[in-house]
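Q: Each chain, letter by letter, is given below.
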Amino acid sequence: MKQQRESRVHERYLRHSKKFPNVWCAGCGIGIVLGAIIRAVDALQLDKNDVAMISGIGCTGRMPVYVDFNTMHTTHGRALAFATGLKMVRPDMKIIVVMGDGDALAIGGNHFIHAARRNIGLTAIVVNNATYGMTGGQYSPTTPLGARAATAPYGHIEHPFPIAELAVTAGASYVARSTVYHVIELEKFIAQAIQKDGFALVEAVSYCHTTLGRINRWGRAPDMMRRLKEQSVTVRQAEKMSANDLKGKIVRGVLTDRQDMIEYTKLYDQIIERAQEEVG
Amino acid sequence: MTTNANPSDETNGVLMQGDEACAEGAIAAGCRFFAGYPITPATEIAEVLSRRLPQVGGKFIQMEDEIGSIAAVIGASVGGAKAMTATSGPGFSLMQENIGYAAMAEIPCVIVDVQRLGPSTGRPTSPSQGDVMQARWGTHGDHPIIALSPSSVRETFDLTVRAFNFAERYRTPVILLMDEVIGHMRERIVLPDPDTIELVERAGTTVPPEWYKPYENFPLDVPPLVPFGEGYRYHITGLHHDERGYPTNRLDEVRPWLERVFRKIESSISDIMIYEEDEVQDADTLVIAYGVTARAARQAVEQARQHGHKVGLIKLSTIWPFPEEVVERAADRLHRVIVPELNRGQLALEVERVVGRHKVRRVNRADGSILSPDDILDAIKEWSR
Chain P
1 MKQQRESRVH ERYLRHSKKF PNVWCAGCGI GIVLGAIIRA VDALQLDKND
51 VAMISGIGCT GRMPVYVDFN TMHTTHGRAL AFATGLKMVR PDMKIIVVMG
101 DGDALAIGGN HFIHAARRNI GLTAIVVNNA TYGMTGGQYS PTTPLGARAA
151 TAPYGHIEHP FPIAELAVTA GASYVARSTV YHVIELEKFI AQAIQKDGFA
201 LVEAVSYCHT TLGRINRWGR APDMMRRLKE QSVTVRQAEK MSANDLKGKI
251 VRGVLTDRQD MIEYTKLYDQ IIERAQEEVG
Chain V
1001 MTTNANPSDE TNGVLMQGDE ACAEGAIAAG CRFFAGYPIT PATEIAEVLS
1051 RRLPQVGGKF IQMEDEIGSI AAVIGASVGG AKAMTATSGP GFSLMQENIG
1101 YAAMAEIPCV IVDVQRLGPS TGRPTSPSQG DVMQARWGTH GDHPIIALSP
1151 SSVRETFDLT VRAFNFAERY RTPVILLMDE VIGHMRERIV LPDPDTIELV
1201 ERAGTTVPPE WYKPYENFPL DVPPLVPFGE GYRYHITGLH HDERGYPTNR
1251 LDEVRPWLER VFRKIESSIS DIMIYEEDEV QDADTLVIAY GVTARAARQA
1301 VEQARQHGHK VGLIKLSTIW PFPEEVVERA ADRLHRVIVP ELNRGQLALE
1351 VERVVGRHKV RRVNRADGSI LSPDDILDAI KEWSR
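Taken in order, these protein sequences are the chains called P and V. For the first sequence, this note's numbering begins at 1 and goes up steadily by one. For the second sequence, this note's numbering begins at 1001 and goes up steadily by one.
The following block holds chain P by itself, in its conformation from the complex (with noise of 0.2 Å):
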């Protein structure tokens, strides 16, 4: 009954004027933080016309033209800077920016951690499966050490970016980090990220078994689901494990929920009540 019900909540928000099927793979996990967005938007009861999706390039940079709110896919790496001319002009709106690991971390990395120290009311909504999905499996930020990659035929040199913890070092208000097996929990985390004034991340851990996990030979998307599943801890967890038991595993849980900073367009509100005071 409950599914049924639930299917009904993606009519409402998916656009029917758009040409479907959509590009993803069967079995991708960004159709799944997708539907999370939308029950997540649902369920704070908001006006479409007040939602604003905002992504860059990439697999989860075509999750905005299926949804029907204010939608714009900008260039690489570069949603949070158009998020953030956007969310000036416009703060009373909400706007969800999504992101893959490469075009938020890589070639957006400048924009990443300095949307989260301005502290700018923008829910970030990072899908990180790991790999450059849409160009066939390269290495990204994000690519496990040792891991196989169509540009790392022999095994990958680089260390991972621990995205949430970038974001919470960066200065931003709300991060958490879940996955796509942690259905319920990844919906209130967004809920919860959209709901908080100032710059809030959520990470949604991913895969990609169509290039990453199939030149890894790490399963079909099935397997893939089910590694997410066993490889995470909850922040409760992974307080009481060494650093060494820790190693490979997705923490999942609120990591910062602060209450002491204003947000950014709040303060920019600020500066127009004293420079207007001073011309009178």
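The reader is advised that the hints may include incorrect statements.
[Said to hold, decoys possible] Simulated crosslink set (DSSO-like; lysine-lysine; CA at most 30 Å straight-line):
hint : chain 1 : residue 1 : chain 2 : residue 2
1    : P       : 247       : P       : 229
2    : V       : 1213      : P       : 48
3    : V       : 1381      : V       : 1310
4    : P       : 94        : V       : 1381
5    : P       : 188       : P       : 240
6    : P       : 229       : P       : 240
[Claimed, not checked] Interface residues of chain V toward chain P, partial, derived using beta-carbon atoms under 8 Å:
hint : residue
7    : 1055
8    : 1073
9    : 1075
10   : 1081
11   : 1101
12   : 1219
13   : 1235
14   : 1243
15   : 1246
16   : 1269
It should be emphasised that the hints constitute simulated quantities derived from the structure, not laboratory data. Bear in mind the structure is a predicted one, so any value in this text is a computation, not a measurement. Every residue gets a Cβ at the ideal spot worked out from N, C-alpha and C, and that includes glycine.
Since the structure of chain P is already known, use the hints to place chain V on it.
A: Then chain V, alone, in the frame of chain P:
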């Protein structure tokens, strides 16, 4: 635009730098969002706007780089604000991809490039007109563009206003190509009465949201762009798209878009062309100049006339699209065309294309110094012999 020289008005008769005039022109044009990154010789524009924009309820942000700056400007424009960024050569290079995005997605915005000597870091405080071709072809792919180039502080104010008007009227990025001299030079200028400045506001739509097509090809060449958040939910992308904005690979959807975006500029050439003709009626030699070089050219033409040379001047303020008809019409009657530029010959390529190489004499300097009236006068004399 007319001037209103009311001496009692504090805004009139001010000593102002070109960069400041650009910032004030932007405010007068209705610009309410600026994003930029510090760079010589354009930094003053950002500094002035960081103070002025909040005074008028606008917003300023210093982004982490020029790529983010132009991105934020496009985002703000999608939100409905008139928006601008300002930079110089190195930053202008970084902005190119997103300028193409603005052209593709048809988002109004103004990009100011205060040209300095390049390539690369070059000479940051030395003038140049080396970005003329980059303004036209800097981003990849075929696209229309408008670029304006002022040659005085007052004209910088005026052309900044015109740049915003063109951006909004034609849903296109507009590039204001200043140069270091015009940016840093101070002149006493009289600003126009704000009430007399013609402003173009973005066209709205009367159709209900379900009928709205942000990229409709007919009947208008410039379909209205409704800002995000006003009930017209639609899609914007840098991919080739259909009339609703959805990505497409269909030739019957790509071609009409391509034809329309070129048509919207080409069919309005007479509105977009800004130029001045000086003593061209009886001339046998013509000087075509723009930006700081036009100042030297004007003086050279005056001196040459005193020496009995029949020489005229066309001062171009609109350089892209290239004013083919203006140049062609004048050059038909003339034997010689002199094109002085602070580069190795960029706009001269266009002049040569229109009037033929044999008629054109280039006068170039690309070392960071400016052309003097004598440099141009020498060319006039040499060629008139």
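Q: If a hint holds in the structure, say so; if it doesn't, say that too.
A: Checked hints:
no., hint, in the structure
1, 247(P) with 229(P), "holds, 15 Å"
2, 1213(V) with 48(P), "holds, 18 Å"
3, 1381(V) with 1310(V), "holds, 10 Å"
4, 94(P) with 1381(V), "violated, 66 Å"
5, 188(P) with 240(P), "holds, 24 Å"
6, 229(P) with 240(P), "holds, 19 Å"
7, 1055, "holds, 5 Å"
8, 1073, "holds, 6 Å"
9, 1075, "holds, 3 Å"
10, 1081, "holds, 4 Å"
11, 1101, "holds, 5 Å"
12, 1219, "violated, 21 Å"
13, 1235, "holds, 5 Å"
14, 1243, "violated, 11 Å"
15, 1246, "holds, 6 Å"
16, 1269, "violated, 30 Å"
Checked against the numbered hints above, the structure breaks hints 4, 12, 14 and 16 and satisfies the rest.
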